[in-house]
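Trainee: Chain residues, written in single-letter form:
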Amino acid sequence: MASVKLENITKFYEGKKPAVDKASFEINDKEFVVLVGPSGCGKSTTLRMIAGLEEISSGELYIDDRLVNDVSPKDRDIAMVFQNYALYPHMTVYENMAFGLKLRKVDKNEIKKRVMDAAEILGIVEYLERKPKALSGGQRQRVAVGRAIVRQPKVFLFDEPLSNLDAKLRVQMRTEISKLHKRLQATIVYVTHDQTEAMTMGDRIVVMKDGLIQQIDNPLNLYNFPTNIFVAGFIGSPAMNFIDGKITDSGRLQFVTMNGTVAMNLGESLSFLKKAVGKEVTLGIRPEDILCKHTDSETLQLLQCTLDVVEPMGNEIFVYTSIESHPVIARLITQDLPKVGMPYNLYLRLNKLHFFDKETGNAIKS
Amino acid sequence: MSERLKKILVLLTASIIAFMSLMPFVWMVFASFMKSGEANVYPPKLIPDEFVLTHYITLFTRLNLTGYLINSLVISVGVTFISLIINSMSGYAFAKMAFKGKKQIFNSLLSAMVIPGQVTMLPVFLMLKNMGLINTYWAILIPGMASIFGIFLIKQYALSIPDSLIEAARMDGGTEIQIYWKVILPLCKPILVTLGIFTFMGTWNDFLWPLIVMTDSSMYTLPVALANLMGEHTQDTELMMAGSVITIIPVIVVFLALQKYYIKGIMLGSVKG
Amino acid sequence: MKAKTKFSALLLFLGPSLGVITLFFFIPVVAAFSLSFTDFDIYSLGSWEYLRYVGLKNYSDLINDPLFWTALKNTFYFVLLGGPLSVGVSLGTAMLLNSKYIKWKGLFRLVYFLPVVTTLVAVSIVWRYIYHPRFGLLNYVLSFIGVGPFDWLGDPNLAMPAIILMAVWKNFGYNMIIFIAGLQNIPEELYEAASIEGASGWQKFKSITIPMLAPTTLFISVITMIGYFQLFAEPYIMTQGGPLNSTLSIVYYMYQEGFRWWNIGYSTALAFMLFIIILIGTLIQFKVQKIDE
Chain R
22 MASVKLENIT KFYEGKKPAV DKASFEINDK EFVVLVGPSG CGKSTTLRMI
72 AGLEEISSGE LYIDDRLVND VSPKDRDIAM VFQNYALYPH MTVYENMAFG
122 LKLRKVDKNE IKKRVMDAAE ILGIVEYLER KPKALSGGQR QRVAVGRAIV
172 RQPKVFLFDE PLSNLDAKLR VQMRTEISKL HKRLQATIVY VTHDQTEAMT
222 MGDRIVVMKD GLIQQIDNPL NLYNFPTNIF VAGFIGSPAM NFIDGKITDS
272 GRLQFVTMNG TVAMNLGESL SFLKKAVGKE VTLGIRPEDI LCKHTDSETL
322 QLLQCTLDVV EPMGNEIFVY TSIESHPVIA RLITQDLPKV GMPYNLYLRL
372 NKLHFFDKET GNAIKS
Chain H
794 MSERLKKILV LLTASIIAFM SLMPFVWMVF ASFMKSGEAN VYPPKLIPDE
844 FVLTHYITLF TRLNLTGYLI NSLVISVGVT FISLIINSMS GYAFAKMAFK
894 GKKQIFNSLL SAMVIPGQVT MLPVFLMLKN MGLINTYWAI LIPGMASIFG
944 IFLIKQYALS IPDSLIEAAR MDGGTEIQIY WKVILPLCKP ILVTLGIFTF
994 MGTWNDFLWP LIVMTDSSMY TLPVALANLM GEHTQDTELM MAGSVITIIP
1044 VIVVFLALQK YYIKGIMLGS VKG
Chain D
10 MKAKTKFSAL LLFLGPSLGV ITLFFFIPVV AAFSLSFTDF DIYSLGSWEY
60 LRYVGLKNYS DLINDPLFWT ALKNTFYFVL LGGPLSVGVS LGTAMLLNSK
110 YIKWKGLFRL VYFLPVVTTL VAVSIVWRYI YHPRFGLLNY VLSFIGVGPF
160 DWLGDPNLAM PAIILMAVWK NFGYNMIIFI AGLQNIPEEL YEAASIEGAS
210 GWQKFKSITI PMLAPTTLFI SVITMIGYFQ LFAEPYIMTQ GGPLNSTLSI
260 VYYMYQEGFR WWNIGYSTAL AFMLFIIILI GTLIQFKVQK IDE
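Residue numbers (this note's numbering), protein chains in the order written: chain R, 22 to 387; chain H, 794 to 1066; chain D, 10 to 302.
Some hints could be false.
For the chain R half of the interface with chain H, some residues (derived, Cβ under 7 Å), not all of them [what the hints assert, rightly or not]: (1) 74; (2) 94; (3) 95; (4) 101; (5) 103; (6) 105; (7) 107; (8) 111; (9) 120; (10) 121; (11) 124.
No wet-lab data here; the hints were simulated from the structure. Ideal Cβ positions, reconstructed from N, Cα and C, are used throughout, including at glycine.
Given only the sequences and the hints, what does the whole structure look like? Please build it.
Mentor: Laid out in structure tokens, this is it:
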């Protein structure tokens, strides 16, 4: 297995701004790295440059410390699973999986052994003689993965492999791919637009937007310490709530909403916000950091509001309200179903507040 | 008009046209089995008094039809296979490869299709003559190796092959040739069959070009031989009919066996309009 | 956008086809054009030294050549009468086969199509006998309605119509297939809407079928016209251009001048006239279609 290193990798098409702009990061041996972002963010282009299917406009790409910018895909020792599976329709499942090995003139018995092993791992032994047309979406997905496995490549590349599956199957395949990663001890680069997939599968996640890398970190750090408002909003479901306002300091450090309807005292732990006094900021709070009961164990900020919608989910309740036209969702753990239209008290966890510079979108950190 | 009457009228018209379409063939086949002179009587006969194979035997023995048949077969099959390979490589390249000036080259090919083939016949003849290829199979094979229409047809079809399939093959370690041979060609099978029938029939039925480049009678293709025979045997109606039957049979067989592909090809060809 | 393909691959994949087409099509077109300004003839064929540049002489000779005008007239006769007739019969049979009253559609289609695929030389020979003045089937059939007998291919006034009749018989099936596809692309709702508004069958044909088929018709007209301008095998087999040159076509004349008498310069000039005529014809058809829109 192997590592992959990107140094200032840039892709641009004529007359347009770069599709990928100076992407630099490293994928360690046996690591599962997910590239995530909305469509058009450059994640697939980055993956395709690693694969060698796109030319690299500038920057350097290393696989195992070998510069591979000008190495053709077949000589990079990588395998790729495509979004639409890209199974050869005229070949059986077995032939599909064996094709790459045959082209590499691997010994016949060896091919058979590898294909059977992979088929067993993936549970597709009984379909080996079928053509892709006769398979379900999930089975095709497995074959596509199998085709990559038999090659025993240094690096696996996955390009949105689950996006053509229905929701239930997607969850199932997600765990299977994770298991496979552990079992094969493989280096994997995985592209998805689905943040849940990214969070559940990745050792580390690269968040991209408009060709630029926003943040690279492990899932929990990404969740807890987003570097900017985009990452904060993109990671997590339901998404983080955002409320625009200002930091004021009239004796006490306060966050005041734009129209002044809410003013909250910022305690000692948030004193670093002094540097943002007078600035317009965006406050962010995750839905689960809003409580419906007061507890003494932590510092809370009371928020009086009226509920617009109440969605009981069983184990938890989603309530929807708004503060000065900013919608706010809270995820409450309670058995008392609140009533729509009634005044209601919500409590924000002060130590879970995020603050972003409204102008740059960057997180204001201590 | 009642529905029933309409139905009868439509079927009747269709049947009359079918009768007119078929009649010449029916007469041709029957006349080819008549004894000499039997087709030249008034009123004309349709069914021979006695079915005889005399004319077929004459054709294959005294008139060397076997040689012409072989010429036609070699040329038609040869042109079909060579041109399928060359056109499919080219059509695939135009559909899936990225290179500078692709659009311009392709468009200039397409617009060249308005130039009638007759324009080039004399210079091509002179070229082939200088190369010493007149009265050889090459005189028909070489100019027939590539066709703009064929390239167009393949290109249109190859466009529908997903890029990811080619990329997958590339990741699997395929060279350009391997990708073409093991992935593209099998996937293009339907259009290759279609183009193959078109080419085969077109070459088999072609008359003017073989007439020009095959001046030695041993190199004649069937249509040229038939036309030549017509000069000497105008009065031998039955013999000429037998010759026509033999000339037509291979194309009819190919057509009947693969008509689905042929019809589809006509539609594909008409999309470009 | 994909990575640019390597030059070696391009050479491999495009080289053969573009090479053949350049060598046997593009260069010959230019060569033909050049030759049409020379007096290339049977002597030059032996040795190129006898080749002389003659400017527009071939073209001016053409204009003063009564046979050229005869060939031109005959070809136009064939195209202008045979073309529309072919297209008309194709449309008619297409509508017939597309009618909801039809049965055994596939069989009829197959039968109508047989003449298309068969060898032109062979069917020309068959028709030559069908047109036989004494023993021919056609005259026999016509005798039942008290017409004829005619000397179809021997009468200068009838020879071309006879060739046209055969051409229509041979070719209508091809365009019929395209028309059927065109007809099937017209949404049924249009006819239903027209029926509700009280349109008659003829009105529906005129105001829905014809305009909706316009692009198909244009395509068919153009390919039919281009094909018909290249009339050759039928007169070669059936009439040898006669009687009295009444079936001499441009391509036939070009063939005779070029490959019988080896007047190659003159013959290429003829070929270019054919090209120009076809080009103008095509442009006119596109124009007419534009005006209709």
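Trainee: Tell me if the interface restraint on residue 107 of chain R is satisfied: Cβ within less than 7 Å of some Cβ in chain H.
Mentor: Hint holds; residue 107 of chain R Cβ to chain H Cβ min 4 Å, cut 7 Å.
Trainee: How about residue 101 of chain R: closest beta carbon in chain H under 7 Å, or not?
Mentor: OK, holds: residue 101 of chain R within 7 Å of chain H, min 5 Å.
Trainee: Are residue 95 of chain R and chain H close enough, Cβ to Cβ, to be under 7 Å, as the hint says?
Mentor: Where the cut-off is 7 Å and the nearest Cβ of chain H is about 4 Å from residue 95 of chain R, the hint holds.
Trainee: Would the stated hint for residue 121 of chain R survive a check requiring a Cβ distance to chain H of less than 7 Å?
Mentor: With a closest approach of 3 Å, the residue 121 of chain R hint holds.
Trainee: Should the interface hint for residue 74 of chain R be scored as holding, given a Cβ-Cβ cut-off of 7 Å against chain H?
Mentor: This interface hint holds because 5 Å falls under the 7 Å limit.
Trainee: Does the interface hint hold: is residue 105 of chain R within less than 7 Å of chain H, judged Cβ to Cβ?
Mentor: 6 Å, holds
Trainee: Would you settle whether the hint for residue 103 of chain R is holds or violated, based on the nearest Cβ-Cβ distance to chain H being less than 7 Å?
Mentor: With a minimum Cβ separation of about 4 Å from chain H (threshold 7 Å), the hint on residue 103 of chain R holds.
Trainee: Could you check if residue 94 of chain R really has its C-beta closer than 7 Å to a C-beta on chain H?
Mentor: Cβ of residue 94 of chain R sits 5 Å from chain H, so the hint holds.
Trainee: Minimum Cβ distance from residue 111 of chain R to chain H below 7 Å?
Mentor: 4 Å, holds
Trainee: A closest beta-carbon separation below 7 Å is what the hint needs, so does residue 120 of chain R meet it against chain H?
Mentor: 5 Å, holds
Trainee: For the restraint on residue 124 of chain R, tell me whether the closest CB of chain H is nearer than 7 Å.
Mentor: Because about 4 Å separates residue 124 of chain R from the closest Cβ in chain H, which is inside the 7 Å limit, the hint holds.
Violation of the numbered hints given earlier is absent; every hint is satisfied by the structure.
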